[in-house]
Amino acid sequence: MKHIVKILSLLVAISAFWIGLLQAAIVPRSHTWLLPIYFVVSLGCYGLLMVGIGLMQFPTCPQEAVLLQQDIAEAKDFFKHKGVDVGSD
Amino acid sequence: MAEEKERKGEKKYKYSVIVPTYNERLNIALIVYLIFKHLRDVDFEIIVVDDGSPDGTQEIVKQLQDLYGEDRILLRARAKKLGLGTAYIHGLKHATGDFVVIMDADLSHHPKYLPSFIKKQLETNASIVTGTRYVKGGGVHGWNLMRKLTSRGANVLAQTLLWPGVFDLTGSFRLYKKSVLEDVISSCVSKGYVFQMEMIVRATRKGYHIEEVPITFVDRVFGTSKLGGSEIVEYLKGLVYLLLTT
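Those sequence lines, one after another, are chains A and B. Remember, my numbering sits 18 above the position in the first sequence when you count from 1. Remember, my numbering sits 128 above the position in the second sequence when you count from 1.
Here chain A stands alone, though its shape is the one from the complex (with noise of 0.2 Å):
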C-alpha cells in the first residue's frame, strides 16, 4: 500500500471519530468543534519539540576533525615519495 494511502487512511478514521463526537454530543459540540484545531496545534508544538529537543542533543565531534588533519598529514606524507602528486592547489 501506498505511503499515503495509510496516512490518509489515518485521516480519514480520526474524522471518522471526530464526527462521531459531534453527534453522539458526549463532550459538549463547543468543545468538540475545537478538537481539529487542537490537533494541529498539538502536532505544530510536538514538532517544535522534537526539534528543539534535537537540537541540543546535537551530536557533534570537534576532535574528529583533529585526527582528520592528522589523517591527511599523514597521506600527504605517504604520497611524497610514492609519484602522486598532493600540492595544495
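Every clue listed holds true.
Pairs of lysine-lysine, DSS-like flavour, derived with a Cα cap of 25 Å:
id, chain 1, residue 1, chain 2, residue 2
1, B, K365, B, K209
2, A, K98, B, K240
3, B, K165, B, K248
4, B, K240, B, K140
5, A, K100, B, K190
6, B, K209, B, K319
7, B, K139, B, K248
8, B, K165, B, K306
9, B, K240, A, K94
10, B, K165, A, K94
11, B, K319, B, K208
12, B, K247, B, K334
13, B, K365, A, K24
14, B, K248, B, K306
15, A, K24, B, K334
16, A, K100, B, K165
17, A, K20, B, K319
18, B, K139, B, K165
19, B, K306, B, K247
20, B, K139, B, K240
21, A, K20, B, K365
22, B, K190, A, K98
23, A, K20, B, K334
24, B, K306, B, K139
25, B, K190, A, K94
26, A, K98, B, K165
27, B, K240, A, K100
28, B, K221, B, K319
Please keep in mind that the hints were generated in silico from the structure rather than gathered at the bench.
Dock chain B against the given chain A, drawing on the hints supplied.
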C-alpha cells in the same frame, strides 16, 4: 580460489566502493589512502566515477592506479556533470563486488567507518547499512547553529511525513547488497540529496532490512562546497514527491 575459501570454512566477500567525484583533485588521493589503510584484510575495489573534472582529478586517479593497481582502482569517467544518481548507476555497472559502498570523495565520510559497516552487515545480514550522524557515537563537525537547525527541522518533518524507519535520511554513506542497490536505484528518479532520501524510503517500502551505524561527519575540509541556495524549496518538493509516490 573458491575451493580454498570453502576449505577454510569462511565466505569472503568482495566490496565495491563507488566514489563519485567532481573537482576532487586533492581529496581523491587522501581518500584512497584511507580506504586502503582501513580495509587491510578486505577484498575490495574502488570505482571512481569522475564527471569530467576540469581540475585534473583523473590524472591523480591514474597516478593512484599506477601505485595501487588498476584492478583495485577503477576509473570510470563520464564526459560531464551528470548527477549523483546516474553516477551510482554508472559505477554499479562496473562493480564486481557482492556489496557496494557509496561514499563522498570530500572526506566528510571517513573510511575508518568502513569496517563497522561491514561488521554490522555480517552480523545482521542486513540488505542495507546506512551511516547515521544523529545518534550517540556519531556526530557532525563544522555546522553552525542555522545549519543544525535546518537539518534537524528537515529531519523531523521527514520523519513525521514519511515514517522512514531510519534516523538519518539524507546521509549518503551507505553499504548495500549489490542486488538490493540495483533494485532500489532502478525505481528512483530524484536528483541531489532528495535522491538519497528516495533510496532509503523506497528500500523501506520494499521491506528491505536496513541497519544503521554511527558515523561522524566533518564538513568540507578541502574543495569547494557544491550545495546551492534553493535547497529548502527543493527539499520540500522532494518530500511531497516522496509522500505521494512511495
